[in-house]
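If you want the building blocks of each chain, they are given just below.
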Amino acid sequence: MSLHKSLAAATAMTLVMSGAVHAQTTVTIATVNNGDMVRMQGLSDEFTAAHPDIQLEWVTLEENVLRQRVTQDIAAKGGQFDVMTIGTYEVPIWGAQDWLVSLNDLPAEWDADDILPAIRNGLTVDGELYAAPFYGESSMVMYRKDLMENAGLEMPEAPTWENIKEAAAAMTDKENEIYGVCLRGKAGWGENMAFLTAMANSFGARWFDEEWKPELNGEEWATAVNFYMDLMNNYGPPGASTNGFNENLSLFQQGKCGMWIDATVAASFVTNPNDSTVADKVGFALAPDNGLGKRGNWLWAWSLAIPAGSDATDAAKTFVAWATSKEYTELVASKEGWANVPPGTRTSLYENPEYSKVPFAAMTLGSINAADPTAPSVKPVPYTGVQFVAIPEFAGIATQVGQEISAALAGQQSVEEALDKAQALTADEMEAAGY
Amino acid sequence: MATQHSRSAARLMMAPAVVLLLGWMLVPLIMTLYFSFKKYLPLRGGDLGWVGLDNYVRFVTSSSFWPSVLATLAIVGGVLIITVVFGVLLAILLNQPMWGQGIVRILVIAPFFVMPTVSALVWKNMFMDPVNGLFAHLWKFFGAAPVEWLSQASLTSIVMIVSWQWLPFATLILLTAIQSLDSEQLEAAEMDGAPPLARFGYITLPHLGRAITVVVLIQTIFLLAIFAEIFVTTQGSFGTRTLTYLIYQRVLESQNVGLGSAGGVYAIILANIVAIFLMRMVGKNLDA
Amino acid sequence: MARAVTQQRKIINTAAAWGVGLLIFFPILWTILTSFKTEAQAISDPPVFLAFDWTLENYSVVMERSDYMRFLWNSVIIAGGSTLLGIIVAVPAAWSMAFVPSKRTKDILLWMLSTKMLPAVGVLYPIYLLFINLGLLDTRTGLVIVLMLMNLPIIVWMLYTYFKEIPGEILEAARMDGAALKEEILYVLTPMAVPGIASTVLLNFILAWNEAFWTLNLTAAKAAPLTAFIASYSSPEGLFYAKLSAASTMAIAPILILGWFSQKQLVSGLTFGAVK
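Sequences listed follow chains A, B and C, in order. The working numbering applies: residue 1 is where the first sequence begins, and numbers increase by one. The working numbering applies: residue 1 is where the second sequence begins, and numbers increase by one. The working numbering applies: residue 1 is where the third sequence begins, and numbers increase by one.
Looking at chain A on its own, in the form it has when it is part of the complex:
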């Protein structure tokens, strides 16, 4: 071996050794494969460059698989993850069990008071903030301005369900594969039931009365679900009973939907000219109401939480603070433009003059502020949550209810049958849980 080579080898050795002296902390992050999260993963090099002692390991999974993995792990205390991506449904339940690390002690410059109050409340249990919101969303109407114009209609800023039906009827052109309205039909508590629960709220329906008795076979639910069926069967795309958020996004981007009532985050995807064929033709309106004082919009925040028992709590906090900071927002804005920053979490973002130029900014903020998780429906309820009920049993129950409604949408049973079955299985599960 030449002297040169052995010197090089020795240098390499020293480098390796010195790296080992600086004990590296590994932070394992479980996250969902949404666009914003994938972007965060891409930008995380900036984080590791600033924190060479922290190494990030990513577990990126599709939403359903992710939920199954993190729930299983936290319930069995497997300790597989240091940061988990969870939502406003999980946080109150897990927080109350002391399964999450309180984030009240994040650094002052993280500025907890800047978080939108509705979002912050949803992630706080007994005064402890248990998760940092990565992006927040409500739901709203996204519609095709060009098709509305052709139909000679104008979308009100705050439409009623009747407005929606009228517009859907006018825009539907099945010959040319344009469907008046695309809504979620795929079964799942986070899919069709998120939409339907929010919609049912505006029809005055609720999941449970104050005594935790299910009300699914009540009149309000029947009216709401029948209205939904009517919209979908007459003006919806084919195969609607298997369409979730992603499928509808794809349809809308291809120009096949006149209207789409769904998450506010979708606004940045449908207005992005790289992915969307209708980017410059999209208008926004508040989620519809039925004149009863509640709108059919939900409230959700994909958030980063640290499970209790993580062996890298401090490093995980450093990462969570970075990913949900104002600086991260600016980083995304500098690389991808303001329209692509994670929306819906901070007051400062909506006060930023640059961001207010984004077409959907005001409507997103308005929608988020219009949702009230503590009083979601017209009548009083014993639970919190707009499009969900924050009890551990809800995910299982609502997924099965969603399957019954999905089957009704596919024409395999009547709405009445579906709701009767839903009522029976809900009562059964609630009894099993000890209500």
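Hints are supplied without guarantee of correctness; some may be wrong.
Using C-beta positions, here's what the derived DEER-type ranges look like [to be verified]: (1) A:Asp-372 with C:Leu-84: 54 to 64 Å; (2) B:Trp-139 with A:Asn-150: 24 to 34 Å; (3) C:Asn-133 with A:Thr-160: 50 to 60 Å; (4) B:Glu-190 with A:Asn-176: 55 to 65 Å.
Subject to a maximum C-alpha distance of 25 Å in a straight line, what follows is the list of computed DSS-like cross-link-like pairs (lysine-lysine) [said to hold, decoys possible]: (5) C:Lys-222 with A:Lys-77; (6) A:Lys-165 with A:Lys-77; (7) A:Lys-335 with A:Lys-145; (8) A:Lys-165 with A:Lys-145; (9) A:Lys-77 with B:Lys-38; (10) A:Lys-256 with B:Lys-140; (11) C:Lys-106 with C:Lys-164; (12) C:Lys-164 with C:Lys-264; (13) B:Lys-38 with A:Lys-174; (14) A:Lys-335 with A:Lys-165; (15) C:Lys-164 with C:Lys-182; (16) A:Lys-379 with A:Lys-357.
Rather than coming from a laboratory, the hints here were simulated on the basis of the structure. For every residue, glycine included, the Cβ atom is placed at its ideal position computed from N, Cα and C.
Using the hints, position chains B and C against chain A.
Chains B and C in isolation, oriented as in the chain A frame:
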């Protein structure tokens, strides 16, 4: 015959496999039995005490139970029929003289190498999607309305996907069996003027009996447990909730470990009922 | 005359077999083709078959987003390790059952098969707790053990049926020549058993490679194989057919290529005693 010495050597050689499998069977089984008599809700603090047979009663009286048993049997039965019938036909075809037999065989066995998650994703999105799927384009091309496969023909769709995955396996085993068939016997029958159908019914099919049994047995073991195909496509909607999937919903979606464990015990019972039938068949064939 | 008839039949057979073969292979072919399209071409109406602008963009997006090599390596280790371990345990067992059968041999064999009837979902929770206590979560060792145990009954059975067809007379002849048990195994039986073992190895490797329940539920970042890799590409936001196809192709390509190269070995031993 075998000496005492070789007998004890044989026992020793078998020991690792038997001990390992005994452990793999008993440990989870005992734990499942233990949980099945408990009210065990991880999201409500875990162990909430003994409840006797409550979980068993609740699981079996739930309105989803019998439909799930039927869905399981329908999927297993459907796939078995399709793979055996088409497997036999395909094996006969592949056994004929032709050009490029090796390449055709490669094409036919390819689906067996595809992981279930991938095949379910590909079928669901690229073929069965009612707007962008290839089937939808094909139907439209012929002027028909696209079928909403996964909702309106849900069981059929799942049977199709799973059959596609398992057809190669059946074909291969049946092909090996056909290749061992005495061709002189067939030729003699042909000389005697026996029509093709009779030749098939009296010579080929009986010869394949053993191979068919093997295919049925092995596939049943795997088919009773299919999960990924349903998880990816319908998530148990539209009557595709099998017993395995129902247990998944109880354990993971509802986080009711006690109830799910009781379901697991029922699944073991069902599997063993099916197994007893199969083993009788195979047992006879193994002796023969 | 007779020659012409057979020639004609051969043409028909060839056409039919190729037709069926291509039909069965088509979903895979379509996936591979789609992986080279842009997202817009992937959903174009009418669909394009070959006349599109071939692009490698999807592959570079996937490579950039996930550490493919690590998933691949984990798959290789887990499938390879469980196969190796399984063969080490299964060969002696199958051997003794085939050559020194007792009254209970068949019962033991059927019992082994019946252990495969335990539904994985039903025992996830117990196994998960066990793995936590043994420190096996997210380790390749843990998966190697689980997959070995899962496939053990099948490979014992497959080997047993293969060994049983090795004629006993050869053994007796060797014994007459005064061969000891060790020599008998080493020089007489092993050469005859190799094709069966090779085929079993391949089948076990394929089954382990494609297993998607335990590999997904017992891993996080370190030990996750390709089944977890594909779980991060199913239905992300927006158009994803081309990227999904690229990820799918990457997940199945290694095993597909291995399978094609070794299909002769796989086929020759894959009888499960179906041939008498």
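Status of each hint after checking the structure:
{"no.": "1", "hint": "A:Asp-372 with C:Leu-84: 54 to 64 Å", "in the structure": "holds, 60 Å"}
{"no.": "2", "hint": "B:Trp-139 with A:Asn-150: 24 to 34 Å", "in the structure": "holds, 29 Å"}
{"no.": "3", "hint": "C:Asn-133 with A:Thr-160: 50 to 60 Å", "in the structure": "holds, 58 Å"}
{"no.": "4", "hint": "B:Glu-190 with A:Asn-176: 55 to 65 Å", "in the structure": "holds, 59 Å"}
{"no.": "5", "hint": "C:Lys-222 with A:Lys-77", "in the structure": "holds, 18 Å"}
{"no.": "6", "hint": "A:Lys-165 with A:Lys-77", "in the structure": "violated, 48 Å"}
{"no.": "7", "hint": "A:Lys-335 with A:Lys-145", "in the structure": "violated, 29 Å"}
{"no.": "8", "hint": "A:Lys-165 with A:Lys-145", "in the structure": "holds, 16 Å"}
{"no.": "9", "hint": "A:Lys-77 with B:Lys-38", "in the structure": "holds, 19 Å"}
{"no.": "10", "hint": "A:Lys-256 with B:Lys-140", "in the structure": "holds, 16 Å"}
{"no.": "11", "hint": "C:Lys-106 with C:Lys-164", "in the structure": "holds, 12 Å"}
{"no.": "12", "hint": "C:Lys-164 with C:Lys-264", "in the structure": "holds, 21 Å"}
{"no.": "13", "hint": "B:Lys-38 with A:Lys-174", "in the structure": "violated, 54 Å"}
{"no.": "14", "hint": "A:Lys-335 with A:Lys-165", "in the structure": "violated, 40 Å"}
{"no.": "15", "hint": "C:Lys-164 with C:Lys-182", "in the structure": "holds, 19 Å"}
{"no.": "16", "hint": "A:Lys-379 with A:Lys-357", "in the structure": "violated, 38 Å"}
Of the hints listed earlier, those the structure fails to meet are numbers 6, 7, 13, 14, 16, in rising order.
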